[in-house]
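Trainee: As a plain string of letters, each chain reads:
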Amino acid sequence: MSLTYSQEFKDPEISKALVARIREKSTRPLRLMEVCGTHTMAIFRYGIRSVLPDTITLLSGPGCPVCVTTQKDIDAYIMLARRSDVILTTFGDLMKVPGSGASLAAEKANGADVRMVYSIFDALAIAKENPNKEVVFCAVGFETTTPTIAGAVLMAEAQELDNFSIYSANKRTPPALAALMETDGVEGDGFILPGHVSVITGLDAFAPTFEKYRIPSVVTGFEPVDILKAVLKLVEQNESNAPRLVNAYPRAVADTGNPKARAIMNQVFERADASWRGIGNIPDSGMVLKKSFHKFNAAEKFDMSVPDTPEPAGCDCGRILMGLKRPDQCRLYKKACTPMHPVGPCMVSSEGACAAFYKYSR
Amino acid sequence: MNDNDTIILDHGAGGKVSHAMFSELILPLFDNGLLAKQDDGAVFEVPAGRMAFSTDSYTVDPIFFPGGNIGELAVNGTVNDVAMCGATPLYLSVGLIIEEGMKVFDLKRILQSMAGAAKKAGVRIVTGDTKVVPRGKVDKIFINTSGIGLLPVGVNVSGNGARPGDKVIVSGTIADHGVTILSEREGLKFDSDVKSDSAPLNHMVKAVLDSGCPVHVLRDPTRGGLGTTLNEIAVQSTVGIRLFEDRLPVRGPVRGICELLGFDPLYLANEGKLIAIVPGADADKVLDIIRRDEFGKNAVVVGEVTDQDPGRVVLETLIGGTRIVDMLTGEQLPRIC
Chain A
1 MSLTYSQEFK
11 DPEISKALVA
21 RIREKSTRPL
31 RLMEVCGTHT
41 MAIFRYGIRS
51 VLPDTITLLS
61 GPGCPVCVTT
71 QKDIDAYIML
81 ARRSDVILTT
91 FGDLMKVPGS
101 GASLAAEKAN
111 GADVRMVYSI
121 FDALAIAKEN
131 PNKEVVFCAV
141 GFETTTPTIA
151 GAVLMAEAQE
161 LDNFSIYSAN
171 KRTPPALAAL
181 METDGVEGDG
191 FILPGHVSVI
201 TGLDAFAPTF
211 EKYRIPSVVT
221 GFEPVDILKA
231 VLKLVEQNES
241 NAPRLVNAYP
251 RAVADTGNPK
261 ARAIMNQVFE
271 RADASWRGIG
281 NIPDSGMVLK
291 KSFHKFNAAE
301 KFDMSVPDTP
311 EPAGCDCGRI
321 LMGLKRPDQC
331 RLYKKACTPM
341 HPVGPCMVSS
351 EGACAAFYKY
361 SR
Chain B
1001 MNDNDTIILD
1011 HGAGGKVSHA
1021 MFSELILPLF
1031 DNGLLAKQDD
1041 GAVFEVPAGR
1051 MAFSTDSYTV
1061 DPIFFPGGNI
1071 GELAVNGTVN
1081 DVAMCGATPL
1091 YLSVGLIIEE
1101 GMKVFDLKRI
1111 LQSMAGAAKK
1121 AGVRIVTGDT
1131 KVVPRGKVDK
1141 IFINTSGIGL
1151 LPVGVNVSGN
1161 GARPGDKVIV
1171 SGTIADHGVT
1181 ILSEREGLKF
1191 DSDVKSDSAP
1201 LNHMVKAVLD
1211 SGCPVHVLRD
1221 PTRGGLGTTL
1231 NEIAVQSTVG
1241 IRLFEDRLPV
1251 RGPVRGICEL
1261 LGFDPLYLAN
1271 EGKLIAIVPG
1281 ADADKVLDII
1291 RRDEFGKNAV
1301 VVGEVTDQDP
1311 GRVVLETLIG
1321 GTRIVDMLTG
1331 EQLPRIC
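Sequences listed follow chains A and B, in order.
First residue of the first sequence: 1, per the numbering used here; consecutive thereafter.
First residue of the second sequence: 1001, per the numbering used here; consecutive thereafter.
FYI, nobody ran anything at the bench for these hints, they're computed from the structure.
One thing to keep in mind: the hints can contain errors.
[As the list claims (entries may be wrong)] Subject to a maximum C-alpha distance of 30 angstroms in a straight line, what follows is the list of computed DSBU-like cross-link-like pairs (lysine-lysine): (1) K1137(B) x K1195(B); (2) K108(A) x K1137(B); (3) K128(A) x K1140(B).
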C-alpha cells in the first residue's frame, strides 16, 4: 500500500484506537496547551475534545499570528492604508481585525487601496505593475512565514524595486513559549508544539526551553491521528513522570529544521523585543528588518509615529492566549464580541481561540 | 454586429444602435415568439393554480471560469430557485447591465451560454432589458434574472418542513463552484481540473416530485454552502440536523485546495446541487431517482433530522467526535499559515 499522506492521518480506526489508549492511560487531570492556531482549528474541526476523557483539558495558547498582533501594529496598517500614495497588501486574516478605530476591510470599503494577497510575491508583482505607487506589505507571522518575506525582500533588492516595503510585526515562537512557562498561573502539563513552525526551526529550537522547564512537549502535525498521537505521548510522559521533547511529525520536521530557510530569514531580519497583544513585551521575540535593508522598512520610509492605544476594555484576549481563561469566560464573549462584531483579534482570525470556540462549540 | 466590435454607451441608449443589438444579437439567440413581439412585457396564458416567482442578480468575478460563465449561472440559478419551490420553471426575464468597453465577442459568448442553459432547462427568456454604463460603474457585466414557474397540485415544499426521522440527501459533490471561483481569482492558479458545477436542477426536481414520494424540503445550497443552508433549515423547521463527515462528497482536488487555503467545503458555494429532505422510509427511493439524473450521479445521504438541539447543525467527525456546524458569518478569508 502506498502512503498518500492525505487520508492515512485521518483514518477513523487508527484514531479510535489512539483514543482508546489515551482513555486507558489517563488517570489524573492534565492541562495540555497547543501553541499553533492551525492546531486550535484542527482540534475543533475534528471534534477532538469530544472524544477525549474528562481528565484532559486542551487549552489554546498564543499560536495565531493575527491574534498576537498589537492594536498599535493594526493602527499602523490602517494609517498606511489611508495614504493615497500607498497600495496596502495583506493576507486575508488581517482584513477584519479592528484597530482602535476601523479595520482594513472598512478602509477598503471607504476607498483605500487595500489588496488581499495569498503570497508576498503577489505584492512584489503589484509593485512592479504600479511604479507610481508605494506598495506596502503587512508582514505578520511566525517562523513559517518570515523566511518567504525575507526571500521577497531579497528579490525586491535584486530587482531594484524601490516602491516596495514591508511593515514588520513578525514574531518568533520559542521565546513566547518560554515567557508562557514563566508566567504565574500558567500551569501546563504539556505542550503540543507547532508543526509548521518546527519545519523551519527544527525540534532543536525548542530544546533550551524544554531543558529549563522540563515540561512534556511534542511537535506534531495537523491531522486527527497526529494530534491524538501527541496527546497520547503527553499523557504517557505525565503518567510516568518522564518529560521529554518528542518529534511526532517526522514526515515533515527534521531535528535541525530547514537551515536554508533560516539562513535567508537571518540574512534579512534580526531579533528584537516585541510586544504581543494581551501578553506584553517578550524579549527577543520579534523579527525586524536589519539596518542594511532599511529602505524596505515602511516604518522608516513613511516616517510614521503610531500612538500607543490601550486595548479594548474588557477584552480578555491576553489571558485567553495564555490559557488562563476559556473564551466563554471573557465577559465580552458572545455579547459585545462576536464574529460579526469582533472586539479582540481572537474573535476575528479563523484560527483565533474565540472564533473557533464560537464557531464549533456552545 | 462583429465579434471585434466594442459595446459603447449607445448600445444601451434605446435608439437605433440598441435596436440593432437586440435584433441582430439577442433575439436570434433567445429565439422565441414572446420575445420577438418586442412589447414592453411578455403576455402568456397560465392555467389556474399556484405559481412560484424568484429573482437573483449575478455579479461573479471572473465572468468566465472553468465549467461556465456568468450567463449560464444566471439562468441556472433562477431556474433552480424556482425549482426549489417545487415548481416547474417556465419563463425568465433577463436584465443586462454592461460596462462600456466589453467586446461583442464576450457578450455573445455569455448570451449563447444563457440560450443554451435555457434550452437545457426547458425555459424561455421572454422579456428583458439592456443597459450600458460608463467604465468603472459595474465590473464588466451584471445580470439579473427573474423566473416564474407553475406548482403542481399538492406539492408543498418549504424550509420549515423538515421532521425528525427525515434523511438529508445532497445531489452530488460540494464546494466545486466556490473553489473554482477562488482558484480563478488573481494570483491563484492551481494546476487542477476543478470546475464549476453550474447546472439546471429542475428536471431532477420534477422526477422526484412525480414519483409521489413526499418531499419535505428542497433547497439549493449556493452562497454560504451546505453548512449555512442546513442551518437555515434547522432554524425554520425547529429541528436538529446531524451530518456525517465521512459521507460528505468532496472531490479530492477541491478538498486539497480547501486544506491549503484554510477553507471549509461546507461553506463554499454550489451552483448545481440540491438538498432534499425526505422521510427516512423514502430516502432510498428518492436517492435512486436523483442518481438517475445526469447532475445527480454522486448523490448521497449525508445526514438525518433529529429532535435534539433544535436550530443546530451538528457534524459527527471522521474520528467519531462531534462539533457544531454554525452559519457562515461573512466571507471566508484565507489564512496566513
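Trainee: Going through the earlier hints one by one, which of them does the structure break, listed in rising order?
Mentor: none
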